[in-house]
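**Student:** The chain contents come next:
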Amino acid sequence: MKYSVYCQKKHAVSIDRKMDTGKPFEITVDKSCHDVAIRKVKDDGTIMTLLIDHKVVPIEVERRGDGMPVRVFLKGVPFDVEISKIASTRFKPQVPERDISGEVHANLPGQMVEITVRVGEKVEAGTPLGILDAMKMENEILSPKAGIVKSIEVNQNQILAKGDLILVIE
Amino acid sequence: MKYSVYCQKKHAVSIDRKMDTGKPFEITVDKSCHDVAIRKVKDDGTIMTLLIDHKVVPIEVERRGDGMPVRVFLKGVPFDVEISKIASTRFKPQVPERDISGEVHANLPGQMVEITVRVGEKVEAGTPLGILDAMKMENEILSPKAGIVKSIEVNQNQILAKGDLILVIE
Amino acid sequence: MFKRVLVANRGLIQANCVRAIKELGATAIAVYEGDDRDSAGVRNADEAYEIKINDPRIRPYLDLEQIVQLAEDLKVDAVHPGYGFLAQNGKFARELERRGIKLIAPRVEGKFNLSNKHEVKEAAMRAGLPVLKGSEVFSDRERLEPAAKSLNFPLVMKAAHGYGGIGMKVIPDMRRLESAFEHVQATCRKFFMNSPEVFLEQYLSDPRHIEFPVLRDEAGRTTVFPELECPLQRRFQKLVLETPSPFIDRILRTKLQSEIRVLCERLGVFGFASVEFLISDGTAYFLEINGYIQPSHTATTLLTGVDLLKEQIRLLSGEPLNMRRNEFSCDRHVINTYIYAEDPENDFAPSPGQVDRLYLPFGEEVVLQTSISSGAKISPFYDPMIAKLLVRGRDRDEAILKMGIALEEFFVEGLKTNIPLMRGVMKSDAFRDGTLSPEHMKNPEKRNQFIESLKSAKDSEIAALVASLALHSDGETLKRMEVLETDDNAQSVLGAATRWLKPRKPRRPR
Amino acid sequence: MFKRVLVANRGLIQANCVRAIKELGATAIAVYEGDDRDSAGVRNADEAYEIKINDPRIRPYLDLEQIVQLAEDLKVDAVHPGYGFLAQNGKFARELERRGIKLIAPRVEGKFNLSNKHEVKEAAMRAGLPVLKGSEVFSDRERLEPAAKSLNFPLVMKAAHGYGGIGMKVIPDMRRLESAFEHVQATCRKFFMNSPEVFLEQYLSDPRHIEFPVLRDEAGRTTVFPELECPLQRRFQKLVLETPSPFIDRILRTKLQSEIRVLCERLGVFGFASVEFLISDGTAYFLEINGYIQPSHTATTLLTGVDLLKEQIRLLSGEPLNMRRNEFSCDRHVINTYIYAEDPENDFAPSPGQVDRLYLPFGEEVVLQTSISSGAKISPFYDPMIAKLLVRGRDRDEAILKMGIALEEFFVEGLKTNIPLMRGVMKSDAFRDGTLSPEHMKNPEKRNQFIESLKSAKDSEIAALVASLALHSDGETLKRMEVLETDDNAQSVLGAATRWLKPRKPRRPR
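Sequences listed follow chains A, B, C and D, in order.
Quick note on numbering that gives the first Met the number 0: the first sequence kicks off at 0 and runs consecutively.
Quick note on numbering that gives the first Met the number 0: the second sequence kicks off at 0 and runs consecutively.
Quick note on numbering that gives the first Met the number 0: the third sequence kicks off at 0 and runs consecutively.
Quick note on numbering that gives the first Met the number 0: the fourth sequence kicks off at 0 and runs consecutively.
Just chain A, same shape as in the assembly:
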């Protein structure tokens, strides 16, 4: 079965349909053939550890709502992935969001103790936008990209839930 996967660049992954996952098997990526063995799975079947080319690799896979993998962690190091085509399926990939979103959301619950920009202000990627106070920490909210502050959606000292929209950069 053939998968087209974008991860840093486009890769063609081919997994033998007859593979027996109880034993070592081979997976071809582009032109290289990799020895793979499943080493550890959770009770629900999630793969925890693979042996790839005789190297132990603890993995985690983050999926989006429909179950498609969007992120792979190799021993904690994150890789964005996008499966764009699966041979022999009617799978139609979603159009990927390549752009960095300008919507800034609260990444954890807390109090918005300070907003340091105004609507219309020009910001760079990394410019501090405000402070979200949560846990013992002052969490500085930084701009995800360069642009203009289009709107500010919260007031100073407002209590936010995780995911609340704070402001928009355009």
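By construction, these hints were calculated from the structure, which means they are not laboratory data.
One thing to keep in mind: the hints can contain errors.
Some, not all, of what chain D presents toward chain C, calculated at C-beta under 7 Å [as the list claims (entries may be wrong)]:
1. R18
2. K21
3. E22
4. A25
5. T26
6. R98
7. V155
8. T300
9. F361
10. G362
11. E363
12. Q368
13. K401
14. I404
Straight-line C-alpha distance at most 30 Å; calculated DSSO-like pairs for lysine-lysine [what the hints assert, rightly or not]:
15. B:K8 with D:K441
16. B:K9 with D:K457
17. A:K144 with A:K8
18. C:K457 with A:K54
19. A:K39 with C:K445
20. A:K144 with C:K445
21. B:K30 with D:K51
22. D:K457 with B:K121
Anything over 10 Å on all C-beta distances counts as not near chain D; from chain A, calculated [claimed, not checked]:
23. K8
24. G44
25. G146
We put the beta carbon where it would ideally sit given N, CA and C, even for glycine.
Starting from the structure of chain A, add chains B, C and D where the hints point.
**Tutor:** Just chains B, C and D, lined up with the frame of chain A:
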């Protein structure tokens, strides 16, 4: 409820019948009153950790076939215990074996590579009786008590299962 | 020595204090709130007492009254505050003192209080040490603008009694002045600082940050240990630390050590203190003295073999400093990384949760102190530091290499941590060359470069492989993708996937 | 340096070798049998290969042919044998050499082979070192009695190529002579020793056992490290180790160190070696040279800051010894306990099983190297060592106290271990005074005294409390005791017990 427990010496333990084990409670041993709280239990209800007089104590309890505790480990340190009487029950304690048994059994499976005593020989507590070869180890079998070797029940190089009788000291 | 010592803290410092107190032959008493009941410090203490949330706005470890009352009830003769929390709280010290209980914090003769950054700064100035240009201390809003106008931006505003990076705010320009003032004053109240006073100071954007641990007994015998350098912070908290500093020469070290002796004598410091400097353009500016033990004490111990925590307690109990001056060596190099349960990709947002899997680094000259174990839950209420990882090498290059490999072995599943980021830092030229700057952590792109540097071309192939395999082995998801009924190949894959794995719901790691 | 190094061992030494090889910039290749697949060494290796049981009588790690073949197939340029297993196997070395692969074990010029205890003993004798009176080497039964008759009992019989306590047998009197001979020869065959030869030697019942680690490069540059003393063994394997020895004065140390230099030069030792002595009545008798790295290497590293394992690999690859003579200090004291999964109450019977709960000691100057984690299974097939616990103190008294507290914090549930025994040893006068003898471990009563010394009168009350509470909280068992129906009190207890706990079967911990 009152328990008579022998552990190094005789102790009278009194546990309030109305105790709520979800909260801290008190248990009287002899004349001292101890604050007790259950800290951690296994899924099957076995107590793993107690807080006794504000000290965390990881415990293990070894029981005999009928469920009576015979050994208590306080953070790994073993204490032989014997519950000899329980108020308000028909519990009749077994007569305890105070004597050290002269029966020497294999404490793990292995090969009896050497027997170093003969029937009729006088031995002290700790005299080597033979060698049981198991794992990478030569396990020296020592006499559990002073006495005379009454019988030898195995042959040299015999393969033994755990618990097999090796010899008897009288 | 003391007989009974209460430890008013949690986490690593609690466990370390409990150990030190026991090693000194005293009874170690821990306090804990419910979630911390299984921590190492509580487990190992001779006695452990639960502290409750009496006021929902106050975390129990900051609940001065409750802890003072407990100390009195338990008849302790000293309290160790660890770092943070109540370590610099003047009221706490006074309330204990009133009950005849010693706080294990540096006591100073006369009017100086080490917790007041500004007073200490003035004393240093009078002792002839260079200090950064700054304002007087104030707490009235009217004095804010005049104070700022006499200085050049960028400035940093500091709460006079701040600690551990709390109550500090960089002010890039005049526009941010007011909000910073409000913010810092709110922080003073929230953390029960001794006063709401603040001062302004010139902000150096790219200094070296070094500190010297000091032990000094009642008779004035003083030992100044080799300096530690902190090349990388986020939010004024340490990410990496090394000792000795690779960029301080012997002449500067000796000069600063003797200045520190003079200053500590003037201030009458007694116990443990940590004297901090910022180095910029060849000048070492005195910054502050921290009067509480620092998380970095472990690095000094690994370098010198002197247990600062134990010596601190010993000295405060009135015993003399007992150290031959040349007893400790500094011909090795120690690197210390601080591991936090937080997500560097997401502006270091704390990442509380449960540890699903844990692989620890180990080996010669690798030291790990951690408060977590497999299955442990990380509370969202406190400092997210979960481990200190230290290595000692024969030189700095060896230590960097060792740290990189130790971090590679260290794996925590279930939480986001800064382990990959630290691996990237150890591989970077900037760390090797000593040209790291705060910008490296503040700018998401620069920060991300550390992590990107870990990814080889082969890794990207492997990640693609893993994503495909995860999908391939998951019959349910594939089914939803509408595998073509007519294709034998796809069907048999679906069949195989469903056979060897129970159907499962898609799940996301936290 | 080497490019690719295969580690032919398991457990702690495997993980440590993998780390050292990676730190030296080479590719670390591990081998493992099925049960060991999750171990740290396998996890951290750059490549890991499973080895199989080809012959049911041979454990894979002893399967010389399989490992040699793998080394050849994988194109490694060196093999690290760790300790034990194939570390002293002459055939292994030759088979590798034939394929152009280096074995990381000391190579000696000329006819000497460090693995032959008797040849090395003769060389030492010729170099003027005192040795214990003993017989020539022999393998014929006819030479057994004449050899014994020329010496006085008790004797010890040694396999010429024995290692790690394997192939040694104490012979108290003539009656045990034959069985000992048979036993030792059987051991030689079982462990594939280079020859079945044995020799007899005078047995000292109460000597001090010390050893000096040595590094020596091809050019003859030699470093002799401070000695380690092993005051307590069981079955010729170490239980406790300390460095430097508290009972060796500077004069004797210096004298022995210079004798060792001479001997190593004569033998042309190259790489790492450990030179052992027995000290009795003021005389230091040369005992043997171990040519493989010892588990004790970690203690020397903690004392001196020199990583013996890494240096060993470096030297064998042909790099020069790079050590200033005064670079390492020995003004601290290191104690090392070896923790085994075994039952001291049951003659140290191995106690394989699963780790149900694990609390690790930690803190300043406490070093733990362990191969276990919560949930880990301990295989019954190999050495039951599960951890090395080390502490470094400013002096011996501090180190003893630290070790006692670290052991108290260290808790393993699910296996029997010698942790309580070691706690008792640290508390004992005999250890403090240096009067421990092998008798302390051999005699069950004396051994038991160490554990009894841990039990206070209050502990016995607590144990009685725990036993009662365990029963009390267990409705099922109480029911079987026939609680009197008429007694309200008992009934409500039963009710309560059954309510808050699910009915459960009585269970015994392993």
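**Student:** List in ascending order the numbers of the hints, as given earlier, that are violated by the structure.
**Tutor:** Hint check: 4, 5, 6, 7, 19, 21 and 22 fail, others pass.
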